[in-house]
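**Student:** Residue numbers (my numbering), protein chains in the order written: chain A, 1 to 255; chain B, 1 to 255; chain C, 1 to 255; chain D, 1 to 255.
Source of the hints: derived by calculation from the structure; they are not laboratory data.
Some hints could be false.
Copies of the same chain are indistinguishable here, so a pair counts whether it falls within one copy or spans any two.
With a straight-line Cα cutoff of 27 Å, these simulated DSSO-like cross-link-like pairs (lysine-lysine) come out [as the list claims (entries may be wrong)]: (1) K134 to K159; (2) K243 to K253; (3) K134 to K253; (4) K171 to K134.
Number of protein chains: 4
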Amino acid sequence: MSIKVIVAGFKGKMGSTAVNMIQGDSDLELAALLDPFATEAEVDGVPVFTDKAALSGFDADVWVDFTMPAVAYENTRFALENGFAPVVGTTGFSESQIAELIDLSAQKKLGGLIAPNFAIGAILLMEFAAKASKYFPDLEIIELHHDKKKDAPSGTAVKTAELIREVRQAKKQGAEDEVETLAGARGAEFDGFRIHSVRLPGLVAHQEVIFGAQGEGLTLRHDSYDRVSFMSGVNLGIKEVVKRDQLVYGLEKLL
Amino acid sequence: MSIKVIVAGFKGKMGSTAVNMIQGDSDLELAALLDPFATEAEVDGVPVFTDKAALSGFDADVWVDFTMPAVAYENTRFALENGFAPVVGTTGFSESQIAELIDLSAQKKLGGLIAPNFAIGAILLMEFAAKASKYFPDLEIIELHHDKKKDAPSGTAVKTAELIREVRQAKKQGAEDEVETLAGARGAEFDGFRIHSVRLPGLVAHQEVIFGAQGEGLTLRHDSYDRVSFMSGVNLGIKEVVKRDQLVYGLEKLL
Amino acid sequence: MSIKVIVAGFKGKMGSTAVNMIQGDSDLELAALLDPFATEAEVDGVPVFTDKAALSGFDADVWVDFTMPAVAYENTRFALENGFAPVVGTTGFSESQIAELIDLSAQKKLGGLIAPNFAIGAILLMEFAAKASKYFPDLEIIELHHDKKKDAPSGTAVKTAELIREVRQAKKQGAEDEVETLAGARGAEFDGFRIHSVRLPGLVAHQEVIFGAQGEGLTLRHDSYDRVSFMSGVNLGIKEVVKRDQLVYGLEKLL
Amino acid sequence: MSIKVIVAGFKGKMGSTAVNMIQGDSDLELAALLDPFATEAEVDGVPVFTDKAALSGFDADVWVDFTMPAVAYENTRFALENGFAPVVGTTGFSESQIAELIDLSAQKKLGGLIAPNFAIGAILLMEFAAKASKYFPDLEIIELHHDKKKDAPSGTAVKTAELIREVRQAKKQGAEDEVETLAGARGAEFDGFRIHSVRLPGLVAHQEVIFGAQGEGLTLRHDSYDRVSFMSGVNLGIKEVVKRDQLVYGLEKLL
Chain A
1 MSIKVIVAGF KGKMGSTAVN MIQGDSDLEL AALLDPFATE AEVDGVPVFT
51 DKAALSGFDA DVWVDFTMPA VAYENTRFAL ENGFAPVVGT TGFSESQIAE
101 LIDLSAQKKL GGLIAPNFAI GAILLMEFAA KASKYFPDLE IIELHHDKKK
151 DAPSGTAVKT AELIREVRQA KKQGAEDEVE TLAGARGAEF DGFRIHSVRL
201 PGLVAHQEVI FGAQGEGLTL RHDSYDRVSF MSGVNLGIKE VVKRDQLVYG
251 LEKLL
Chain B
1 MSIKVIVAGF KGKMGSTAVN MIQGDSDLEL AALLDPFATE AEVDGVPVFT
51 DKAALSGFDA DVWVDFTMPA VAYENTRFAL ENGFAPVVGT TGFSESQIAE
101 LIDLSAQKKL GGLIAPNFAI GAILLMEFAA KASKYFPDLE IIELHHDKKK
151 DAPSGTAVKT AELIREVRQA KKQGAEDEVE TLAGARGAEF DGFRIHSVRL
201 PGLVAHQEVI FGAQGEGLTL RHDSYDRVSF MSGVNLGIKE VVKRDQLVYG
251 LEKLL
Chain C
1 MSIKVIVAGF KGKMGSTAVN MIQGDSDLEL AALLDPFATE AEVDGVPVFT
51 DKAALSGFDA DVWVDFTMPA VAYENTRFAL ENGFAPVVGT TGFSESQIAE
101 LIDLSAQKKL GGLIAPNFAI GAILLMEFAA KASKYFPDLE IIELHHDKKK
151 DAPSGTAVKT AELIREVRQA KKQGAEDEVE TLAGARGAEF DGFRIHSVRL
201 PGLVAHQEVI FGAQGEGLTL RHDSYDRVSF MSGVNLGIKE VVKRDQLVYG
251 LEKLL
Chain D
1 MSIKVIVAGF KGKMGSTAVN MIQGDSDLEL AALLDPFATE AEVDGVPVFT
51 DKAALSGFDA DVWVDFTMPA VAYENTRFAL ENGFAPVVGT TGFSESQIAE
101 LIDLSAQKKL GGLIAPNFAI GAILLMEFAA KASKYFPDLE IIELHHDKKK
151 DAPSGTAVKT AELIREVRQA KKQGAEDEVE TLAGARGAEF DGFRIHSVRL
201 PGLVAHQEVI FGAQGEGLTL RHDSYDRVSF MSGVNLGIKE VVKRDQLVYG
251 LEKLL
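Chain A extracted, bound-state conformation (with noise of 0.2 Å):
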């Protein structure tokens, strides 16, 4: 029996990949798709909407969701009214709309996610790295980007820092006596650690998170190459979320 899954957003970029994510997936069966902008009645015979209104009673158990934060709330809402687990990427909910659609979600018994990030292998980096540091205080964070990328540290490398700043014991490294000779060598500062960023052409999004103790090291290294690396996290979402009786925030609750 596979998953039937709705795709609202579909002719955006992330939308699209699903779409190919979900058809080369026997577990998987597309069901409908959805997005204001097309033209086209159906795709490969799949009936294709451009108002989600029409979608209300249709047969499905999921809804991803990749459209825009105006629309994201009034449509995971709306997914989870219809008995649609919903697997959220759209960006921009407040915490109170997450919360209330956590309350739904538990009102209807139906799982779902809404995750701003669905790079499992990311999410295994930081979950790793906040371990890891509540027995190897002393880390370093260098974060590896193309130079075309404007902020320094990555938003990647300061949610890991707040991560490891949760659960790390507080404690400034390094000499108490060390002098920069050229300013910034040592990096950023991030509650007694520090965060290096590189930025090379070649280069597309990469993280090591380094740990030393006395007498071994150990190192933490992701490297995305592809938004299509989103896509396995997005899969096992919809795996997940036909599984459960309440929404998620956050793929790492379902690692």
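We have chain A; now place chains B, C and D onto it with these hints.
**Tutor:** For chains B, C and D alone, coordinates are given in the frame of chain A:
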């Protein structure tokens, strides 16, 4: 209130390293030393014994044991019977002996630890690798050691591979029509994945587990340079066993 | 004064990538395009030809050739006879053909380049690895590719190994009494050192050469993600051949 | 015929490590030892001197010097005047002193070496990095050291950066509108590229130079664990100076 520790086997390499570690931690107090080969009466004011019987009724909390396989079982039993929570790095226990000691510890309501490996970093690596293999079933292990090492792959690599096999969905990796033009290039096969052993002067003991998936990669690496690295595991063991009321086998049970 | 370039084989993957590269470099000017399969009369104002004879007497400096082995020799001879310095990525030349073309180029006082590999990074890696092996005879090669690759080790790894063999003092590495408890763990043997081939989804083409000596290590790594990387080698070739008066075989001769 | 070597400063750390290295190489013969702090008359049958004057006319080929800056110039001059080819690791020479000693060596037709750094691996890394920067002008340096190190970046990183600056086409790297949301994230700026300094317990002395270009990357890494690694440079120096007729400054001149 510091934890009072007896060190059995304090004349050996691991035992003497443990003594140094305990003396350097203000939360721990070296209470007594035991070694049949000792000739001194005391070390830095700490009494030295050559026969464990003399320690019956002694005031201490933890019994650290780095002795010989021939006496480890008797020592651990003695520790439990005398109210000392054992932290044992000596090897050579049978499965039935471990089961017996766990029973005895439960009767005495004493924590304890028997650990074949005290390297926290190596244990975390194995745990992380096993968890990642659930989501990334394509992986290879590269272990790197000094060039005097006789056996390949390393015991740690085989142990890591076994832990992965327990949780990874079985899969034969690589191209179906793969051909080695030089025999051995693809490494050793284990449950469908590959293990590679590098041997070079200058290296000590290192292990990488590399995971690959569409559009991303995850690499976990542990570097071990010195036996001093085991001491953070011994330290953790001492501080954990005094909070518990049953002996466990394997440091991973305390992480 | 920009360098005027003809691209032969411009309808192929490498040829069309070369066209893009030339159009993006203000020091170069696309002068003419040649391909027997072309149907258009011009591309962006650049004249298109289907027969090389029509280019006799044409005003250009360099002939870039990404055609087929069957015509590469004739094309290169034609280029030299007509005063175009050839930069040839097509394969299939015999040693005597190369010798002949070098002679002809010397008579014509024209530079030229025939290169089986235009990846500057890969060529630098080989050159550095060979030089390092003179001082660090203990080394291992790890090459990593996507899991659709059939042959192991890679052609680049074998080429690297051959260049090392030419200069490294012969030595059988590893412990004398080394034992593989899992066959293949120590990799493929080549001239006393080892080559390991990793195959994983998500990887493209990567190579590491690791050197070890008492108290130190040296690691050289090249990562190749995309054929666009070959273009820096083609660009370098174009700019170097116009300064020279004899054809060379191998991009390394121009570095 | 083995090379007869005098070691000046044999009571110091480097000097005594050099003595061990010479005794372990059958191509070398320890001829005499010099140290003003020595009290023994001989070591393993090798005569010990406390005043260099006593070595005038002594039968030896090479003078290895690991003494103090205050005496290094006089020692090297003495060696040359007495027919010993000097291999000097002591620092503190002025440029004019070096020029003088090179002149003197040429008159005496003696080889010689004054080297601030005997780590062949570190020197090869610098040489390779400089060469690669000609073709890959986008690069960053990451140096990693133990957390007792006071200064950042390391002297080796600055030296490497200077060598790169000499040959690399000047270029300001990174996005034009790059913003640090945490100050220092992008590291120290040097001639348009960046240097990052990592400090962690367990590390010794490590350096990576990472190059990026469209579709590819090149990474060069040196790991230094122990001062014993300098000895391969001293050994090479001894064997090379006896073949030469002029002193050089810098081990790279002999590679």
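**Student:** Look at each hint and say if it fits the structure.
**Tutor:** The hints, checked one at a time:
Proximity of K134 and K159 under a CA criterion of 27 Å is satisfied in both settings, with 17 Å inside one chain copy and 24 Å between copies. Proximity of K243 and K253 under a CA criterion of 27 Å is satisfied intra-copy only: 14 Å inside one chain copy versus 29 Å between copies. For a Cα distance limit of 27 Å, the shortest separation of K134 from K253 qualifies both inside one copy, at 20 Å, and across copies, at 15 Å. In this assembly of identical chains, the alpha carbons of K171 and K134 lie at most 27 Å apart only when taken from the same copy (12 Å versus 33 Å across copies).
Consistency note: the structure conflicts with none of the earlier hints.
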